[in-house]
Amino acid sequence: MRDDRSFIELKARERARTLLDEGSYRELLDPFEGIISPWLGPQGIVPQADDGMVVAKGTINGQPAVVVAIEGTFQGGSMGEVSGAKMAAALELAAEDNRNGTPTQAVLCLETGGVRLQEANLGLAAIADIHAAIVDLRRYTPVIGIVAGTVGCFGGMSIAAALCSYLLVTREARLGLNGPQVIEQEAGIEEYDSRDRPFIWSMTGGEVRYQSGLVDALVGDGINAVKGAMNDFIAKGVPEKHRTDNYAWYLDRLSHFDTAKQADAEQIKALFAREDK
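Quick note: the UniProt record's numbering has the sequence shown finishing at residue 277, numbered continuously throughout.
Each hint should be verified, as a subset may be incorrect.
In silico DSSO-like links for lysine-lysine, alpha-carbon gap of 27 angstroms or less [said to hold, decoys possible]:
(1) LYS236 <-> LYS261
(2) LYS57 <-> LYS227
(3) LYS227 <-> LYS11
(4) LYS261 <-> LYS241
(5) LYS11 <-> LYS57
(6) LYS269 <-> LYS236
(7) LYS269 <-> LYS57
Pairwise CB distance ranges, derived in the manner of DEER restraints [as the list claims (entries may be wrong)]:
(8) ASP21 <-> GLY188: 45 to 53 angstroms
(9) LEU177 <-> ASN61: 29 to 37 angstroms
(10) ASN121 <-> GLY23: 37 to 45 angstroms
(11) GLY41 <-> ARG253: 17 to 25 angstroms
(12) GLY34 <-> ALA248: 41 to 49 angstroms
(13) GLY237 <-> SER6: 26 to 34 angstroms
It should be emphasised that the hints constitute simulated quantities derived from the structure, not laboratory data. Virtual Cβ for every residue (Gly too), placed ideally from N, Cα, C.
Please work from the sequences and hints to get the whole structure.
Encoded structure:
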């Protein structure tokens, strides 16, 4: 049955349930387990029972799968000790399943501003564990990353997105190492006006990231479009060469970029254009 609802409008739990086969959803460490961040309460911040991280086991097209979805409406989808550990452990267990003869697929719904400032080094350590787990798992099965909107994917988790075997986005998505407000704070509003939405999306939006070759699919925000692209990438299997294996090419291109001039979307697309991608 077709489902044309907006994927963007779904909460993390609904996104995970939608991506898995109907009736196969089983959540690990759900809110009733009461595993919350121990660091938010003392700072006057109300914690969330799942720490903004949903880990669901089930099947996709009848095959074992894990879907990890970040809730972007809780603390901007930021990664803390608990939420980061949940994602890292889920990926590590999926890799272990594959090594033990149980092929397990992995899909990550990434709506996150990166590390949670209130948990600082703990969040950074968790994100490093996530990076290592993705690199381990992607040897056995494609790790599919989805950035739909409206939070986007920034900070250390943008590196996690880049490490995925395949990455799909919508036009509403944003992807970048530093968020607009951080760039404006450090470089000034003349360099990067975080309130200029057309400018922001022209630089880090899903469309320009796809045209630059930094993501693998640009899809509409409907559930069917997202699931269709996800299934296509799963069917492709592990790529012969991951995007991050081309780091030398990217570094060379960046080293020749004139940072004295204000960049625009056309420059970005031209910078990363290549015939043999």
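Status of the hints after comparison with the structure:
no. : hint                                 : verdict
1   : LYS236 <-> LYS261                    : 40 angstroms, violated
2   : LYS57 <-> LYS227                     : 17 angstroms, holds
3   : LYS227 <-> LYS11                     : 16 angstroms, holds
4   : LYS261 <-> LYS241                    : 33 angstroms, violated
5   : LYS11 <-> LYS57                      : 17 angstroms, holds
6   : LYS269 <-> LYS236                    : 26 angstroms, holds
7   : LYS269 <-> LYS57                     : 38 angstroms, violated
8   : ASP21 <-> GLY188: 45 to 53 angstroms : 50 angstroms, holds
9   : LEU177 <-> ASN61: 29 to 37 angstroms : 33 angstroms, holds
10  : ASN121 <-> GLY23: 37 to 45 angstroms : 41 angstroms, holds
11  : GLY41 <-> ARG253: 17 to 25 angstroms : 46 angstroms, violated
12  : GLY34 <-> ALA248: 41 to 49 angstroms : 47 angstroms, holds
13  : GLY237 <-> SER6: 26 to 34 angstroms  : 29 angstroms, holds
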